[in-house]
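Participant: So you can see what is in the structure, the chains are spelled out below.
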Amino acid sequence: MSNRTLGLMMGAVALLIVAVAVVFVLVLSGGDDGDEESPRAAAPTEAPDREDADTGDARDSSDTRDDGRAVSGICGENRLITFGDDPATVFDPIQVGDASTAEYTAEIFGGLVTLDLDLNVVPDIAERWEITDGGRVYTFFLRDDVVFHNGRRVTADDVKYSLERAADPANFSPTVLDYLGDIVGVRDKFNGSADEISGVQVIDEYTLRIELDEPISYFIQQLTYTIAYVVDREQIEQDPDGWTRNPNGTGPFRVKVFRPLEEIVLIPNDRYHLGPPKLDEVVFSLSGGSLSTRFQNDEIHIAIVPAVELAGVLSGESELSEHYRPAPQLSIFYIGFNVNQPPFDDPLVRQAFAHAINREAINEVLFFDAAIVADGLVPPNLPGYSESVSTYPYDPERAAELLAQSRYADEMPRIILTFSGGGGDPPDNLQAYQQQWREALGVEVEIEAIEWSAYLRELRRGELQMYSAGWIADYPDPENFVGKLFSSESRLNHGGYANDRVDALLAEAATLQDQEARYRLYQEAEQIIIDDAPVIPTFWTVRHYLVRECVQNFVDPGTIVPKYRYIEIDTSGE
Amino acid sequence: MSQGLAGYVIRRLLWTVPVIFLISVFVFLLLRLAPQDPIDSLLGQRYDDEIADRLRAKYGYDRPLHIQYLKYVQNLFQGDLGVSTRHGDFSVAEVVIPKIRVSAGMNIMAMILIFGIGVPIGVYAALVRGSFLDPLVIGFWLLVDAVPVFITAVVAPWFFALQLGWVDLTYEGVIHPNIILPVFVMALPGVAGVARLMRASVIQVSSEDYVRTARAKGLRERTVVTSHVVRNALLPMVTVVGLSLPGLFTGTLFVELLFGIPGIGREALLAVLGFDFDVVLGLVLFGSILFVLANILIDIAYGFIDPRIRITAARSV
Numbered sequence: 001m002s003n004r005t006l007g008l009m010m011g012a013v014a015l016l017i018v019a020v021a022v023v024f025v026l027v028l029s030g031g032d033d034g035d036e037e038s039p040r041a042a043a044p045t046e047a048p049d050r051e052d053a054d055t056g057d058a059r060d061s062s063d064t065r066d067d068g069r070a071v072s073g074i075c076g077e078n079r080l081i082t083f084g085d086d087p088a089t090v091f092d093p094i095q096v097g098d099a100s101t102a103e104y105t106a107e108i109f110g111g112l113v114t115l116d117l118d119l120n121v122v123p124d125i126a127e128r129w130e131i132t133d134g135g136r137v138y139t140f141f142l143r144d145d146v147v148f149h150n151g152r153r154v155t156a157d158d159v160k161y162s163l164e165r166a167a168d169p170a171n172f173s174p175t176v177l178d179y180l181g182d183i184v185g186v187r188d189k190f191n192g193s194a195d196e197i198s199g200v201q202v203i204d205e206y207t208l209r210i211e212l213d214e215p216i217s218y219f220i221q222q223l224t225y226t227i228a229y230v231v232d233r234e235q236i237e238q239d240p241d242g243w244t245r246n247p248n249g250t251g252p253f254r255v256k257v258f259r260p261l262e263e264i265v266l267i268p269n270d271r272y273h274l275g276p277p278k279l280d281e282v283v284f285s286l287s288g289g290s291l292s293t294r295f296q297n298d299e300i301h302i303a304i305v306p307a308v309e310l311a312g313v314l315s316g317e318s319e320l321s322e323h324y325r326p327a328p329q330l331s332i333f334y335i336g337f338n339v340n341q342p343p344f345d346d347p348l349v350r351q352a353f354a355h356a357i358n359r360e361a362i363n364e365v366l367f368f369d370a371a372i373v374a375d376g377l378v379p380p381n382l383p384g385y386s387e388s389v390s391t392y393p394y395d396p397e398r399a400a401e402l403l404a405q406s407r408y409a410d411e412m413p414r415i416i417l418t419f420s421g422g423g424g425d426p427p428d429n430l431q432a433y434q435q436q437w438r439e440a441l442g443v444e445v446e447i448e449a450i451e452w453s454a455y456l457r458e459l460r461r462g463e464l465q466m467y468s469a470g471w472i473a474d475y476p477d478p479e480n481f482v483g484k485l486f487s488s489e490s491r492l493n494h495g496g497y498a499n500d501r502v503d504a505l506l507a508e509a510a511t512l513q514d515q516e517a518r519y520r521l522y523q524e525a526e527q528i529i530i531d532d533a534p535v536i537p538t539f540w541t542v543r544h545y546l547v548r549e550c551v552q553n554f555v556d557p558g559t560i561v562p563k564y565r566y567i568e569i570d571t572s573g574e
Numbered sequence: 001m002s003q004g005l006a007g008y009v010i011r012r013l014l015w016t017v018p019v020i021f022l023i024s025v026f027v028f029l030l031l032r033l034a035p036q037d038p039i040d041s042l043l044g045q046r047y048d049d050e051i052a053d054r055l056r057a058k059y060g061y062d063r064p065l066h067i068q069y070l071k072y073v074q075n076l077f078q079g080d081l082g083v084s085t086r087h088g089d090f091s092v093a094e095v096v097i098p099k100i101r102v103s104a105g106m107n108i109m110a111m112i113l114i115f116g117i118g119v120p121i122g123v124y125a126a127l128v129r130g131s132f133l134d135p136l137v138i139g140f141w142l143l144v145d146a147v148p149v150f151i152t153a154v155v156a157p158w159f160f161a162l163q164l165g166w167v168d169l170t171y172e173g174v175i176h177p178n179i180i181l182p183v184f185v186m187a188l189p190g191v192a193g194v195a196r197l198m199r200a201s202v203i204q205v206s207s208e209d210y211v212r213t214a215r216a217k218g219l220r221e222r223t224v225v226t227s228h229v230v231r232n233a234l235l236p237m238v239t240v241v242g243l244s245l246p247g248l249f250t251g252t253l254f255v256e257l258l259f260g261i262p263g264i265g266r267e268a269l270l271a272v273l274g275f276d277f278d279v280v281l282g283l284v285l286f287g288s289i290l291f292v293l294a295n296i297l298i299d300i301a302y303g304f305i306d307p308r309i310r311i312t313a314a315r316s317v
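Protein chains in written order, with the numbering used here: chain G, 1 to 574; chain X, 1 to 317.
Okay, chain X solo, but in the shape it has when bound (with noise of 0.2 Å):
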């Protein structure tokens, strides 16, 4: 069983590694072949022919396309992502490593409040399944949910720093306080939908047999949902929690931007809109690899819980 597990992980890492190639020259081919040159954007209004040669030169944006693409895969095995061209010559890991650390960071704290307020809401409301209470509460998550992030990004500050006077706007890295009220922001939106996945799983587990067992052995109501229905119905959360794992490392555009967090997100826009060639690259790298990794993570986990997907998955691959 292990052997076939041990095989089937290393099939599908092999898998990925056409996967990354084909998306690194995709990305690379969209870069080099738009309009937007990173040397016009270098030097705006003082555009100089000369000098924009020797700059291509020294970033090689002079050189055959091929050539650029095989130089950079070199260069990548060497562990060397470039340079950015915007902040001046700071290698592409010094310019994106402390983000990634900045989102992941936040993304970790939004994932904990998502979970640590969704899972006993979504209990709460299958327990209170046939009151009005389930539909208020599930109802209210999905108003938050639909409210937009650059709504709640722009209302919140308002009420909780100036009118409240709770929290201050300044970032001051990711463990301060004032990181509370965009990881809040950021995780509003997310509180429904755990709620209410953990409110399917809840009724559908309280329907299994062995809570009948459960419950005709003469255990205490609550001993019941504790012990026999949440646990079980916790199972399924690890595929959202598994889902999200890649989302963990990528940027919230809106909170980041709002909030004036030096995140991945507000990053990867302004790489973008900088035509900081080697940082978006390295950026989409970074991300393709993380899902990629994230979804055989899950699929391995899956077959822990559930025999059958084991079973299936190592016969079919």
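If we strip away everything but chain G, and leave its shape as in the complex, we get (with noise of 0.2 Å):
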């Protein structure tokens, strides 16, 4: 090293050090780029008010990038850049359980039915579908014009041995027997005892029959679950491990990339039956930094309002307002009972707490009333809601009343709510329940964080007193809420609520073919249901979404459903 190259060096290192204080000194004074107005105060130096401040001035820059950049830009290419989650199975139809899963796994696949944008059952494979014999056999119509991602044309046949794999006892799928159990056949061919399901007969190529053990309102909306996608023998038979890797659907996209934790990169099924996707890719970026920075830096169409930002973008201070686009999902929260164990084996205790807690200043206090307060248990959005239906409002006195009533007035044995979380203190809207019990009742609930697994366990096993929880909508329809959540066979129904007046509209309503009388009956199993209180529902969830503007087309029904075909992105610049 010669002594000049030294000099330099130590000039480089001096220079560098001036770059990088200069640019501290910037970032912690509040970083004004000094090519604009805002001469802003110098941030706070807690971290999470200069948060707050950063949104403010962040504003300011991308305004004016966003006009140079509009058209070389993410909005110059016909390709969707979005969020996605890792996929937490496989892209075999009938393993997934999950949401992020099933999310691509429609885009991939397609069974006889699907799902449009307002969550009607249309027709994907089957062309149409007649009923018979009371509702207990289904004939439906293939169209001859479908094809697998590799040119395969579909038939009755795929479709029959699709529904059979799932059923196949060395798949162990875990969603079979609450989808399909209802075909006859399913669960011998499930427990091994036969080699077919009886219940599915391919009538020609494209006619096929399938019987049910008796009669179900709702299994057309059950065949729209990523369980009765059709999947194609000929690749699982070639490569039985390798296959959903990249698998041969028949739905609108194919897979390009997938990298676990990285990304996964969707292109068109030209030929899809149904109108072929206008994108040229779909991107789901499942790494990278925070959404909404790379929102805000042009790098992605679709994100999410960060908590602490929900309130600037609701108010419409923030610059992210205008392209803030709430979307309700099928989803509930509630806080659940143990109708067995005391103190909520007495209905009144129920009662009394569900009349305790004032969503509505939960709501507007913590969530800035961007939830939806839970007037039921079916979503608004959901096929079958009523406004009708209506839950225990707030009211301390009558609250305390009904405490006093019960026969724990006098003593009352110690009451745990479970959540599922781990460390740190329990979700804000849980203590403020509990400070509102505490209140109204003198009662005092402690919460009690468990992790996730454990948490499922003890629910199964009945074991929770008492427990904050969700469900989200599997199909389209109220039996998934009023069903599966509280009918006494069900095993969903954690907290071992019974009711013969519930499983008896239940029972009814499963067999109607009319709509309208089948959700009066679900309306009205649902309102005995809140009477009794074996369940708080306390909010419906709203989805915060970003959408670029020149996204169009982009739908969030609140479920699962193949919904990307659908995108067009404006190119025009406008």
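Don't read these hints as lab results, they were simulated from the structure.
Among the hints, erroneous ones may be present.
Stated by the list, open to error - Result set (DSSO-like, lysine-lysine): computed pairs, CA atoms no more than 30 Å apart in a straight line: (1) K160(G) - K484(G); (2) K160(G) - K58(X); (3) K484(G) - K563(G); (4) K484(G) - K58(X); (5) K256(G) - K160(G); (6) K563(G) - K278(G).
As the list claims (entries may be wrong) - Under 8 Å between C-beta atoms, here's a sample of chain G residues computed to sit facing chain X: (7) F172; (8) E262; (9) S285; (10) S287; (11) G289; (12) R457; (13) S488; (14) L492; (15) G496.
Claimed, not checked - Residues from chain X that face chain G, not an exhaustive set, calculated with beta carbons under 8 Å: (16) Y171; (17) E208; (18) D209; (19) V211; (20) G260.
Where a beta carbon is used, it is the ideal one built from N, C-alpha and C, also for glycine.
Combine both chains into one complex, guided by the hints.
Facilitator: This is the structure:
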């Protein structure tokens, strides 16, 4: 090393130090670009506050950049970049149990029927179907132009193979009994006592008959779930272990890239029978920095509003407000009671607890009014929702009265509310309930967090006295909420609730073909359940999206439906 | 001499076997005896006893612990680390190796940055010792060191991506300009340590006899500094590089989480949270082997650099 280089090196180091120092001084003082008006005050030094100040500042610079970059940026290409969750299972329709994997699977595969954006059941591989024998027999007439991604034509045999594969005991599908268990012979096949599903018969190349054990009016809705998707027998037999990396489905998209924790890229199936996608590519980014920062930086089309910025976005103060799109979900949060454990074996206690919480206030203070107070179990955007169903209003006096009448008026056993979570404080809303119960009822509820799998295990075994839980619709039918959670026979009825009248209503509704009449029965059952209060419905959830204006026809109907084929990107730069 | 060294290396390597064995047994038991159950978390709300039993049988979780362990070791010797329950039957190697590459790539860049900045700063600080510049420079980097990564990892993207628009935050692989920011954030806290070590080393070497001799024979100050002081002062840095070697392959959790980089730190966290037994076990084994080997390497490297250590090491073990 010569003297000169050493001198240069020292100079460079000094320069670097100065540069870094300048940068940090700028950062700490609120990062004024110097090219704009805003002589903003120095940001507070505490990180959370700085967060808010940041968004304010960011607005100016990224607005100017939007104009300059409109066409060359992400809106210049017909390629949608959105976020995604890492799939929790493989892209095998019969293994899917989680929403993230279902989202991709729904785009790659298709079944006899599918859902449109309004959550109606519409034809997919089946062109039409007939329901006979009082709702016990479904005859599907298949389209003759449906092909797998590799071009092979789909016939009734493929559908039968796919359903039988789902029920094959060697494949241990976690969902087959829930969704297809009503088909004659599925249980036999699943138990290993039959080779075929006797209730699925191929009539001819494009006609398939499915027989049910008894009429189930929501069967067609169940068929929209991934478990009933059609898979390619040839591909699976050739590559039993690796086929899910690039599955040959019948859906609107194919997998181009799948790298766990990095990205998933889907490309269109140009021969898709319901109309090929309009996008050239959909990129689900599973990695990268903060979504909202990337959204502001014009790197991603669709993002979620971060919790810290929600207030600003909702009030219209944030730059992000103009991109804000709320999407009510088909899901609910609730407080569940174990009706066999004291003190909740007394309905009066449960009703008192329901009366004692002020969900409207919690929504306003904690959620910026962005959640929806659940006035029932069935969310408003689900077919079969009725405004006539109502929950116990906030009424602390009545709550105290009910508690005084209960058999635990004098001596309240220890009460533990369990939720699934890690360390740290319980969620704010649970703490709010806790405080409201204390104030209205004088009852001290302890809140306990346990880890997710242990939570599920204890829930399943009926060991939890009181729990905070949630439910997301599997298929858009009230049965999925009212029946699956509260039928005395359902294995998802974790609180041990049993009401003969509810069971009778559910049984009757299950067999009715008249949708309106059926919905009325579910509504009646729903109201009885809420009045009995084995559950306090708290909030229906809303997803808070940020969507770039060049993205057209993006709709989140609140549950998993194939939706990316409708999306277009306006590349005109407007 | 070389025979002694070979024997020493072999002895050390043999010692690693029981160490790794103990670690694997310990971690294996820790995972299996924990209240979590990967099948529970896999099936979630759809848990069904029969399906759960079948899945347990598939992954071998239904067998006695010692059998499970032996089976694991047997597979291990066949190069099979098991499968990831969380990434739907991707093998552990498939899941882990790309993540190791990512983390290693970033760590190497960060290390180059740390030494690239830290060494000249240390030399500079030593040369200006006594003036106000010395504590100013070192103090500045200590201040940087004191800022937690989870602060810089939040502030830096906001500043460089949103305010300046220099970088994007989308992860595009390790060989891409977008990686500069996370690497920079990773490297910043390390600079102070290297700079201070280098400074101390330069100061110490400056008072050595051979430096005095060099000056006495009339060499120019700059030549003395470059070819005598700095060159010798760099020697202790070998230790630092060596000690940070295993760290190269382990992730940096905060940076990986906040920048959403699919590295080994994020993977390890998600694997632990998702009870991905085989992935966690694979990662721990990998990490411990690396650590043990790096320690051996450092000891050997020392021996080459400093004969005193070479002799005692050969004698004592």
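Participant: So, against the hints stated earlier in the document, which numbers end up violated here?
Facilitator: Failing hints, ascending: 13, 15, 17, 18, 19.
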